[in-house]
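Two chains, two frames, a set of hints: combine them into the complex.
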Amino acid sequence: MTGMELYLPVIWAAVIAVAVVLYVVLDGFDLGLGILFPFTKDERERDQMMNSVAPFWDGNETWLILGGGGLWVAFPTAYAVIMPALYLPVIAMLLALVFRGVAFEFRWVAKPDHRLWDIAFTGGSTLAAFAQGVILGGLLDGITVADRQFAGGPFDWATPFALLCGVAVVVGYALLGATWLNMRVTGALEIKARGWARGLLVAVMLFMGVISLWTPLLFERIATIWFSMPNFLYLAPVPLLALGCALIVWRGLDHGSAAAPFFGTVGLFLLGFIGLAISNFPYLVPPSLTVWDTAAAPESQVFMLIGVVALLPVILAYTAFMYWTFRGRIRPGEGYH
Amino acid sequence: MDLDPVLLARIQFAFTIVFHIVFPAFTIGLSAWIATLHGMTLWTKDPHHADLAAFWTKIFAVSFAMGVVSGIVLTYQFGTNWSGFATLAGNVVGPLIAYEVLTAFFLEASFLGILLFGRDRVPPALHFTAAVLVAVGTAISAFWILSANSWMQAPVGYEMRDGVAFPTDWMAIIFNPTFPLRLAHMLVAAYITTGFVVLAIGARYWIAGKHIREAETMVKMALGMLIVLTPLQILIGDQHGLDTLEHQPAKIAAIEAHWDGEHAAPLVLFAIPDQSGEKNDFEIAIPNIASLILTHDWNGLFPGLKSFAAEDRPPVLPVFFSFRVMVGIGFLMAAIALWGGLAWFRGKLFEAGWYMSALQYVWPLGFIAVIAGWITTEIGRQPWVVTGLLRTEDAISPVGALNILVSLVLFVLVYAVVFASGIFFINRLLVKGPMRRTAHDDEGVASRPISAATEAGREAIKGA
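These protein sequence lines map, in sequence, to chains A and B. For the first sequence, counting from 1, position 81 maps to 81 in our numbering; every step adds exactly one. For the second sequence, counting from 1, position 404 maps to 404 in our numbering; every step adds exactly one.
This is chain B alone, in the form it adopts within the complex (with noise of 0.2 Å):
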């Protein structure tokens, strides 16, 4: 059997780095909530949010444990399976990746120690200002990353010696055309995927009428944000999908399927794309519509697939589906959000029966958009890594198959414990829920059914 070393290495960065955008997804805005609810201590000196603080920060040092270990593979995968990338681009995307370990890295990862274990070591405030260094690190991350990311999708700023890029211009090449409406698009998708964590396990808590207080808290909070965020995300992808038409029109016309640039697109709910026969199969599509969306004109023109020659074309079938799985949960977020806001507006949050029982199974909302947009555009991007520099084919180490295969075998058996263990044991932190700290217990008590129902009756007294 002949092993196609690309396509290995393809499954396994692929593998690696899905897992990987799973935790940076959910720890930027983590962090974000734990470093706001550390700003409400000492604001409001109620101890009930210094609870709730600790008790996501735990949750936080596992998914941060997950997050470093698999990003710590990506910068070494580069020059492993990816040399000819790593050669061509080094002298570009290298230092955007360095400015990422200077700039967040060690901010996030020193300052991560005083927040998990300086509670009782450091003053409050400095306690806080650790959380909101932690916070502000995994957002400078994101902007390096994404940067990087951007300029691979558009490249701009840079010259080309012998196969080389050199950089010609920095600021073009960190602020490239689609870096901002994409660093946008993914920090509040990092935050809306953590909101709608904590609004299921809010949700989970108050069903079961367990940390009642601490349940309301994380609902109000979480819904709150979200009723801001959802919507302001359609905007926010409604533009990016512009600058992407501008930048990348053939990813553009393998998310909408659209095969003739001749003339005006419909919008194509559904079809099963057939990309040697250059036409969709089983297609139900609106007329015009992604003309107007795209064009603001309802007979406006954009390039289809055969405007671009068969071998620079993407693969039509998981860009297509994958984008309207994430614009499919993107709306059903917003509706959520919205709905909820109503309720709440009515003074009925907290009595809808179908919808807080609903809420409890919300959370992976969030990663599966992630996930589905990333598959948008990394294979949107394709067939190059570096659009019109470099095709995939080109960037491969030279290594053998069998290397690639070992190792892509071996990353997927120990993601496959690591993950599972991860959950297990975020599950285990969830099932113990937040814990009431005594004066000189640092570990804390177990939660015992009698103090949550002690703190169900305070509250009952408190409200009647």
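With the rest of the complex left out, here is chain A (with noise of 0.2 Å):
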């Protein structure tokens, strides 16, 4: 491998990485409220809840189409083993993405019969955060290719660890949701929301270490990375970290403090992406295939590059001001509607 071909995959590798986060992110406290929705009965509250991510869903969702977009750009082979095999998860996700999205629009024209409408909301905010969990466990435990092509069974994907991730990654956007409700609204749910957050916190916390350890154990390769000397002085503190984001998050809580509790979760987010990201790279579909086994052309990945480096900082630039014009508390009874 020459100097380009060496390089540009790992570039683009972190590209998705940036993708992937910050739909993570944006997409998991916007997922996490419709998982939360059930918990309050109350009209208005949920009204609160749904106004304050009204203006940003759509634009949150995008990152899911430029990270699968990005994929097949950039990975071409990945994209076409990791679909296939992962076909039934994907499409639930993508069925409960149609549900939730439309019930935005929905929920308020068919306002007061919109029951039917809360019930998509919720169920398809929870399926989706849970088949994300399903596609991110199956990757892990890694899918069976025979020349450059998926060679599995349907239900390869369905295995304990598997079914674990999906659990936790539904708690996980609750508690993003929680927390960004602890930010965003004011009145009794505010109140409620810590509350949630406060049951979550100990939850995900539980999830992630269940993870942590597992992994190691099911994988020897994983094992390895993280517990060789000197790699685990090394990697020492991305364990510790987390423990200190979750300090945030409580402690926040207890001052009621505004947006340390949210920071303080993507931040356990981030050090959860980067432990992953450190036990498998630079293998793209484990156990076999990594970034440059899956790399696309490169006059392809710079063509695109080029893109990312010229519109992803403007992206960002109005992403931001979005949030900037819908800034401050949403009141009980307050919408944009």
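What the hints contain is simulated information worked out from the structure, not anything from laboratory work. Computed from a predicted model, the values in this text were never measured in an experiment. Warning: the hint list may mix true and false statements.
Stated by the list, open to error - Cut-off 35 Å, straight-line C-alpha distance, at most; resulting in silico cross-link-like pairs (DSBU-like, lysine-lysine): (1) B:Lys306 / A:Lys111; (2) B:Lys432 / A:Lys41; (3) A:Lys41 / A:Lys111.
As the list claims (entries may be wrong) - In silico contact screen, one side only, chain B against chain A (beta carbon under 7 Å); selected entries: (4) Ile72; (5) Thr87; (6) Gly94; (7) Ala109; (8) Gly113; (9) Phe331; (10) Ala335; (11) Gly400; (12) Ala401; (13) Leu408; (14) Val409.
As the list claims (entries may be wrong) - Pair ranges (Cβ atoms, derived): (15) A:Val314 / B:Pro47: 54 to 62 Å; (16) B:Lys220 / A:Met4: 57 to 65 Å; (17) A:Phe155 / B:Glu283: 50 to 58 Å; (18) B:Gly388 / A:Gly209: 49 to 57 Å; (19) A:Leu233 / B:Asp120: 51 to 59 Å.
Even glycine gets a Cβ: it sits at the ideal position worked out from N, Cα and C.
Given below as structure tokens:
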């Protein structure tokens, strides 16, 4: 491998990682609100929850298209292996997103007969989150590949580990949603959200612990990465920082702080992602295909990279502008509609 | 029973993309119309344009949401069902799709928030800018997706290595030969589609005697645009056909149901093409006209279906009929627009009783023509996914037929629910109609009969 063919796939892996992290954080709190919906029966509080993301959800979901599209552009072979291998969870996620996406508009127009769209919003959000966790777990579990094509069965992904990841993501997104509410609403809902966040934080730490212990037990290559010297020392900050983030969230909730719990949770997600990246790099389709095995033609990666370098800052700028325009807490009964 | 995964995957793709294309075809035009109304509000300071914009923005929001969610499905379907295509064409088509995401999706999705919810949060000029950016975003989206589709119709600017296409010239790929006219054809189709919806709704209110002033604005603005665009579309379509003859002669042969390339082609008005018998049954045709249209020569020759090996011919029957549906509706739409123009010119637009009554029902015309056009061009490309490079049967993913069947059934069920609800809600919004905005009432008041009556009365006084 010469220079470009060596570096480009790594750069692209980083670009896609950024898109996925942005998606997970942004659509995470968004889906989390759907997951939390059944925890309040109060109509005004539900309106408040939905209003707090109404202007953003569409932009948030676009990161998923960039993640999927980016994977296809930069690593077509990985895309062509992963999608058929995780066929059913991917389809389930897409259908779930259809329901919860249209629920944003339909629920308002359907009022006062919107009960069904409440269910669509909650069910769709929860299933989408669960399916995303299963996709992640199924990918970590490894995909059977022969001749650079998927060669396994339709239910290979349905392992206890993948299902556990599914539940973990649901709980994690709910925590993002609860801390988002703590930051963005006032009234009784704000207090309730803090209560939810405490319970969810404990659950998230438990799941992170179980997954962190289970992965090295399941996969020897991951055990070697984390527990051989001197790696162990270099990598020790990752779990320690995660504990620190958890502490920030907890103390923030205690002190009624607005931003600390949400950004502490974002930190938790980031560290979780970094942990997974350390465990699996350079594999894109563990345990057989690396970023280099699956990379697109360098000319395609360069052509696309120019676009990303030129446009991503612009996109981030106007996304920030959007969040700034709709800043401030949502009071009960207040909305943009 | 043996299920054919290729057939199931094709049905699934056809189903999901037909469902999807309805929404872009509508929202591309609708966003431009909303931006125009916002522009007029800034220019004329007339709140009635702002009310109209707010009204159509609600309909836009519902349609756009359905377009977004059905579009995400397509991005992933290339991988789940068509991984052979994803691998072979990924280097070339992938970046075009990704540029669509970067240049269009984020723009639309972000500024949509300001357009929908920002009326009281940002200055009017910025609100107008958001409307323009959403409209521009939808058009940019069409640019990239049509570029990718056109490349699949007539691929250039690449070389094949180990069964994978590698880009050699990006400018040639993006601006591939059938792209400019295909883009023009689709954009104009989208504006026409929306134009007929606005026209029909305006006529509906006018006949019902509700929102008279808004109704007349809708009818006039829609008609004014359609008078220009519907004849223009016929010209663009004709040129696009000549393009297709050059790059996809088999498609043209199927469109014309023209079997024998040794003789001049008649214009087949009606026939039941018989694929295996290589002939047309029950043919009604005008001699030499197809030759005249396509070669501009009474006795001009162009390849017939028999000029291609049987396994390289598209299915003739659906291509033949869908093309006739599209063209038939195209001429009908031009006739409707020009007739209205004539009545307008003679000052009788808002008198002609039967014409206004008929206009209430013209809203589906554009949608049907768009779907028929896409069926023509997509089935006409068969048996290829990428003309000359990849056959549809070789593009399929290594997944079981049962997988595809289950997901197909789920898509049909979910889309049926979502689509039916969407139509129901859009209709509910239409029944409610545009609302006058009071100074401190963001939601607006439900349009009461009394306010419509006051409105009509005011109009009558002004007119007198």
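Hints, one by one, checked against the model:
Restraint check: the Cα-Cα separation between lysine 306 of chain B and lysine 111 of chain A comes to about 60 Å, which exceeds 35 Å; the hinted pair is violated. Between lysine 432 of chain B and lysine 41 of chain A the alpha-carbon distance is near 29 Å, which keeps this suggested pair within the 35 Å criterion. Distance hint between lysine 41 of chain A and lysine 111 of chain A is fulfilled; the C-alpha atoms sit about 16 Å from each other, no more than 35 Å. Checking isoleucine 72 of chain B against chain A: minimum C-beta separation of about 6 Å stays under 7 Å; hint holds.
Annotation: threonine 87 of chain B was flagged as interfacial toward chain A, and the flag holds, the nearest CB pair being 5 Å apart, inside 7 Å. Against a cut-off of 7 Å between C-beta atoms, the interface hint on glycine 94 of chain B holds, since the closest Cβ of chain A lies about 4 Å away. A cut of 7 Å between beta carbons decides the hint on alanine 109 of chain B: the least distance to chain A is about 4 Å, and the hint holds. Residue-level restraint check for glycine 113 of chain B holds (minimum Cβ-Cβ distance to chain A is 3 Å; threshold 7 Å).
Hint status for phenylalanine 331 of chain B relative to chain A: violated, with the closest Cβ pair at about 36 Å, above 7 Å. Taking 7 Å as the C-beta contact cut-off toward chain A, the hint placing alanine 335 of chain B at the interface is violated, the least distance being around 35 Å. A least Cβ separation of about 6 Å between glycine 400 of chain B and chain A falls short of the 7 Å threshold, and the interface hint therefore holds. Violation of the interface hint for alanine 401 of chain B is found here, the shortest Cβ-Cβ separation to chain A being roughly 11 Å, above the 7 Å cut-off.
For the restraint placing leucine 408 of chain B at the interface with chain A, the shortest Cβ-Cβ distance is roughly 10 Å, beyond the 7 Å limit, so the hint is violated. The beta carbon of valine 409 of chain B is not positioned within 7 Å of any beta carbon in chain A (closest approach about 11 Å), and the interface hint is therefore violated. For valine 314 of chain A and proline 47 of chain B, the Cβ-Cβ distance of about 34 Å falls outside the hinted range of 54 to 62 Å, so the restraint is violated. At roughly 58 Å, the beta carbons of lysine 220 of chain B and methionine 4 of chain A sit within the given window of 57 to 65 Å.
Taking 50 to 58 Å as the suggested C-beta distance range, the pair phenylalanine 155 of chain A and glutamate 283 of chain B conforms, at roughly 53 Å. In this structure, glycine 388 of chain B and glycine 209 of chain A meet the distance hint of 49 to 57 Å, their C-beta atoms being roughly 56 Å apart. In this structure, leucine 233 of chain A and aspartate 120 of chain B meet the distance hint of 51 to 59 Å, their C-beta atoms being roughly 56 Å apart.
The structure is inconsistent with the numbered hints 1, 9, 10, 12, 13, 14, 15, although it conforms to all the rest.
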